[in-house]
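Please put together the full structure from these sequences, using the hints given.
One line per chain: the protein sequences are A and B, in this order. Taken in order, the first sequence gives residues 65 to 289; the numbers are from the working numbering. Taken in order, the second sequence gives residues 1426 to 1968; the numbers are from the working numbering.
Rather than coming from a laboratory, the hints here were simulated on the basis of the structure. Treat the hints loosely; a few may be bogus.
Claimed, not checked - Across the chosen pairs, the derived CB separations fall in these ranges:
#1 B:1952 <-> A:153: 49 to 55 Å
#2 A:198 <-> B:1873: 29 to 35 Å
#3 B:1806 <-> A:242: 27 to 33 Å
#4 B:1774 <-> A:239: 41 to 47 Å
#5 B:1541 <-> A:204: 38 to 44 Å
#6 A:231 <-> B:1466: 52 to 58 Å
Stated by the list, open to error - Here chain A is said to cover these stretches of chain B; the calculated rule only asks that three of the stretch's residues, wherever they fall, bring their Cβ under 8 Å from a Cβ of chain A:
#7 1609-1619
#8 1807-1821
#9 1843-1856
#10 1887-1900
The beta carbon of each residue, even a glycine, is placed where N, CA and C say it ideally should be.
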Amino acid sequence: MSTTSHGSGQHEEYPPYLAHHFDTMGQQAGAAKLGMWLFLATEILMFSGLFLAYFIIRYFYPDMMLSAHEFLQKEAGALNTVVLLISSYTMAMAVRAAQTSNTPSLKRNLLWTLLCAGIFMVVKYFEYSAKIEHGMLPGRFYEAHYHGYELVGLPHIFFAVYFTMTGLHGVHVLVGMGIITWIYIRASRGDFHSGNYIAVENTGLYWHLVDLIWIFLFPLLYLVR
Amino acid sequence: MAHHPAHADHAPEPDYIRAKKGIMSWLVTVDHKRLGLMYLASVLFFFLVAGILAIALRTELFTPGQDFMSAQTYNKVFTLHGAIMVFLFIIPSVPAAMGNFLLPLMLGAKDVAFPKLNLLSFYVFSVAAIMFISTLVMGSIDTGWTFYTPYSTATGGAATMAVFAVFVAGFSSILTGVNFVVTVHRMRAPGQTWDRLPLFVWAIYATAVIQVLATPVLAITVLLLGLERIFGVGIFDPALGGDPVLFQHFFWFYSHPAVYIMILPGFGIISELLTVHSRKHIFGYKAIALSSVAIAIISFLVWGHHMFVSGQSELAGIVFSFLTFAVAVPTAIKVFSWVATLYKGSISYTTPMWYGLMFLWTFTIGGLTGLYLGTLSIDVHLHDTYFVVAHFHYVMVGGTVVAFIGGLHHWWGKMTGKMYNEKAGAIGALLVFVGFNGTFLTQFFLGHQGMPRRYYAYLSEYQFLHQISTIGSWILAAGLLWTMIYLLHSLWYGEKATGNYWNATSLEWHTQSPPIEHNFHDTPHVTGSPYDFPEIDKSGATH
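Shown next as structure tokens:
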């Protein structure tokens, strides 16, 4: 807001984090939060398309799904589920710390979250490497039969679904790690306190969604019956 | 409807166009009005490009045989025409260009809720546009704008690039949608309750909700299609064990709501034009506002009517047919309310009003022929014929584009600060009306006689109607070029626009033309309806 047109004195105590086009911090936080929820709705709808494709393929080829999923490492999937659940907890604690102006706790919890996300990606890396090594690849790149694996039906579709769903989810984890790093840098600058924590809260919302999607992916892909 | 504290103490402020200087001030602007203008320039450019392609198609069809395009070239040209018109012109035309400019002004806000996101959205759109254009040098696309599988997984050319361009364009659409929904919820001026919103805002709001809910499904659809082409994942390609009809379900789950993304903002514009230029309070404010929302909801439940002959179950066909008819109810409520608004109004035949009246004629034909196609038994006969082409163009060109041009004239002075020439505007409107109906009314008959769509050649008995259609398209093109010329001319030689040159009451008329950078000197306080025309309504006694 250009100060010349508002010389009446009503904006003398203009909060430092308030953007020019909002009147109050409450209005700004409310807008940011509504925007985030709408964005999360779009994420859910995007993934729901993949879930629908998954269920249709499973309806078409139940035996193939059952046989192919045996080659996923259940232990790795379970470990990643636990890691993500812990990261959701630390993220929630980070939001709480921001609300109570406890910057050291905020930074500590963000680091824990980042560490968990890192572990998740490392585990994914080993899982993906194993699949690639055994030729269990999507679509026309599938060549597990050259490696001595005989799977029922059309397993290239299962691995296509597996790589698409976990891959898109993995991209979301990486984006989340980027955002959390940025929030950490801002926290180190002392940006967040009880009067301004909406960015941390929105990051938390996003992170919980990423976690939630994995909670559905894990049983659907690793624990088929 | 709004009162202002006296602002005589303010020094005159430059308008938003002159507030900052230099090309960089435009490239990194977060001002919704400048972004609106940048979108407007982009969509008009793509309208011109895709329009030239359309004229080329119509000219090829002047004779039954091959004239100057081979079948292959024809396929590529109609694909490019459709895809550019849909994804780079119509979808962003009213929401991104006019919505961006008008929404905060109509709400009495300083800007949209997320100005930086707005700028990002523009650049994402630009990237998508560049990706789309790059397909031209990569061998073009020949799938039609619908990208149906299995052909789209088998054809060569640049289809992969094209589907990823659609993916990126979708992001821009989502970001704009989120921004607008939040803006309407959180940025309204004091006193502006939901029943005091201009109907354009209601329409843009309903549109934004559809954009937010439907576009992610398009994103995943084209992502899967791209993966199908690169990896052969086997979800859509029947040769690999996939289901091509699944693609159609995915595609139309987005693309049917998308046609309401295209037409709802047009409805919003018409509501503004008809009431301002007949100096009469809108008839049935609540009915028009809520019917936008009703259309938004029903639009998600009708996608199967594109697939009556694709092999979906008969029961599904019947249900989708019924739901399709249901869309006609809220739509008819709007049309009746508009006609009732005109009744005993003080109609002035300005160019926006000509386009408003034209819309009532052409859109109604487009809407009613939709019922033909929604009827199961008739659709079997008319499916994939020129009847569908004519219906679609009556809704999209006769509806959205006519509303868009009408709105462009209505707010031209507000956006640019210059007035167009009314006489020139009336001539343009006449040419557009004659040309448009000449082009597409004939196509209903062609389609009914069995002329299939997407063919570069045809049997000689169709020649007469095809030639009328082609001549009509030349008249339409002449009308649009004429309009372009006098609008551009007005930028340099037009009269200066006053702040409220239509003497209207919604908030965008409570600031100068063009508005100052922060829209209003002081936040307006809203005390009544946006459609207050006391000289006819007798101080609101009739509503």
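For each hint, the structure was consulted:
{"no.": "1", "hint": "B:1952 <-> A:153: 49 to 55 Å", "verdict": "50 Å, holds"}
{"no.": "2", "hint": "A:198 <-> B:1873: 29 to 35 Å", "verdict": "59 Å, violated"}
{"no.": "3", "hint": "B:1806 <-> A:242: 27 to 33 Å", "verdict": "55 Å, violated"}
{"no.": "4", "hint": "B:1774 <-> A:239: 41 to 47 Å", "verdict": "55 Å, violated"}
{"no.": "5", "hint": "B:1541 <-> A:204: 38 to 44 Å", "verdict": "42 Å, holds"}
{"no.": "6", "hint": "A:231 <-> B:1466: 52 to 58 Å", "verdict": "38 Å, violated"}
{"no.": "7", "hint": "1609-1619", "verdict": "holds (count 3)"}
{"no.": "8", "hint": "1807-1821", "verdict": "violated (count 0)"}
{"no.": "9", "hint": "1843-1856", "verdict": "violated (count 0)"}
{"no.": "10", "hint": "1887-1900", "verdict": "violated (count 0)"}
Checked against the numbered hints above, the structure violates hints 2, 3, 4, 6, 8, 9, 10; every other hint is satisfied.
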